[in-house]
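**Q** Chains A and B, in that order, give the protein sequences.
The numbers in the first sequence follow the numbering used here, run straight up by one, and end at 276.
The numbers in the second sequence follow the numbering used here, run straight up by one, and end at 247.
Accuracy of the hints is not assured; some may be wrong.
Said to hold, decoys possible - Facing chain A, according to a computed beta carbon distance under 8 Å, are these residues of chain B, among others:
no., residue
1, 73
2, 193
3, 195
4, 242
5, 245
Hints in this document: simulated from the structure, not taken from any laboratory.
Glycine residues also receive a C-beta, built at the ideal position from the N, C-alpha and C atoms.
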Amino acid sequence: MAKKGTAILDGAYEVLHVKPGVIGFGKSFVDLGKLTPAKAEELVKAGCPYLRKVEKKSSRGKDKENENS
Amino acid sequence: MDLFDFQGVVNLEESAGLQIEVGIADYRDVETWPALPDLTAGTENADYVDVGTEVFGMATGTKFYKFQGSLEKNAFNSNLVGPRGAKSFENTLTVIRNAVNKDLTGWLRANRNRPLVVAFRPLGESQWVFLGYEGLWAEVDEGQMDIPGEIAGEKMTMFTVRSIFHPPIYIDAIPFTEAV
Numbered sequence: 208m209a210k211k212g213t214a215i216l217d218g219a220y221e222v223l224h225v226k227p228g229v230i231g232f233g234k235s236f237v238d239l240g241k242l243t244p245a246k247a248e249e250l251v252k253a254g255c256p257y258l259r260k261v262e263k264k265s266s267r268g269k270d271k272e273n274e275n276s
Numbered sequence: 068m069d070l071f072d073f074q075g076v077v078n079l080e081e082s083a084g085l086q087i088e089v090g091i092a093d094y095r096d097v098e099t100w101p102a103l104p105d106l107t108a109g110t111e112n113a114d115y116v117d118v119g120t121e122v123f124g125m126a127t128g129t130k131f132y133k134f135q136g137s138l139e140k141n142a143f144n145s146n147l148v149g150p151r152g153a154k155s156f157e158n159t160l161t162v163i164r165n166a167v168n169k170d171l172t173g174w175l176r177a178n179r180n181r182p183l184v185v186a187f188r189p190l191g192e193s194q195w196v197f198l199g200y201e202g203l204w205a206e207v208d209e210g211q212m213d214i215p216g217e218i219a220g221e222k223m224t225m226f227t228v229r230s231i232f233h234p235p236i237y238i239d240a241i242p243f244t245e246a247v
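If we strip away everything but chain B, and leave its shape as in the complex, we get (with noise of 0.2 Å):
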């Protein structure tokens, strides 16, 4: 792995926030998995997370769907963890949706426990990132649902989904549509 420069290219679309879907799918649909950046074969410092044009080999029949949070709900935290000499991604995507109802409630039930590849796309940004690999799934850490008592109170039901080890990594697309 080599060392590059980073100049600090000007993004005059440059924002916080998150797109409000978000792709999610069962880790063990995925039959073949997009192949992660050689370490070695870099030539910019994107070359090391930017899987580009490679695709999720999707079992037959399966798909990502989409969960729709509320607008500047959903955020994204990484963190670099662990001592020194072995420093290691704790990634965290947090979903929230001004809602509580029996759809998300359902949601909640049948994905609590399931071993997960998510996607979601930083504002303005043409690329996917997600968390979740081979031998390494994503899961549900936490979820809530509130409603409080005021009529100002944020009524929401939210889930953060946390992946370890590898970084955010970026793809140019997500399959939303059941594999042949």
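Chain A on its own, in the form it takes in the complex (with noise of 0.2 Å):
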């Protein structure tokens, strides 16, 4: 149940369902609200359900801009 996300590394990931903080995760635990880039590509990656990457909406208007012309 997604209810909002937090922003985090500048909008390029979002927290779900909880605060940036610690939850457990693979064989260990993570701290959300630590994470570098890096980091947080591997959880998403490994399907962590409390993270997502932002889809990045201005290349994508540039793309149908590009289509468009």
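Can you join these two chains into the complex? Each is in its own frame, and there are hints to help.
**A** As structure tokens, this is what we get:
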């Protein structure tokens, strides 16, 4: 149940369901408030349900503009 | 529910024992529950007990709390009980901390009658196993504090948490931070 996301890492990722903090995931604990971009990417690829990568709307918009031109 | 082969995958990290951290939440703080596996849609045995990336929908400001046991003390036991044709699961998690103090005493006082959901991880595993589900919470079954007289005795606070009917359910993640 996604209530709302909290943007982290300059809006590149969103923490879902909880405040950016500790969750138990994988073989250890992860602090979602202290992620590096590399760790965030690793978690997303591992299927972490509390983290989502934000699609970059601006680049999509540019792509659409290019398609339309 | 279909029947599938079990071919004993070799896990070189297989080991007894549980990790020392146990996740404990108040049953009443869970607003929405991970959807239990559909018994008609499984394609392998694990599908009947693995909820994967499902999450506990916790009430705002609530979370799972950590309880740290002692090394090689926490233990898990699940039994199939009941008469032929009506077998059911009876699950027991034992948590032991080699200490007796006011924090542990207070924990027992505050939680001995509380409906709970508990989660633990077998050593070397990446998924959590949880006990307690909607309508069938887990609860403290036994508790004990012991300070032996001899210096080599096992000073400890222990409690067992028991759940019934559902098997132990596997889930990818447990939230130890307040829900928003």
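**Q** A separate judgement is required for each hint: does it hold in the structure or not?
**A** Outcome of the hint check:
1. A cut of 8 Å between beta carbons decides the hint on residue 73 of chain B: the least distance to chain A is about 24 Å, and the hint is violated.
2. Hint status for residue 193 of chain B: holds, given a least beta-carbon distance of 5 Å to chain A, under 8 Å.
3. Hint on residue 195 of chain B holds. Least Cβ distance to chain A is approximately 6 Å, under the 8 Å limit.
4. Here the hint on residue 242 of chain B is kept, as its CB sits about 5 Å from the closest CB of chain A, short of 8 Å.
5. Taking 8 Å as the C-beta cut-off, the interface hint given for residue 245 of chain B holds, the closest approach to chain A being about 5 Å.
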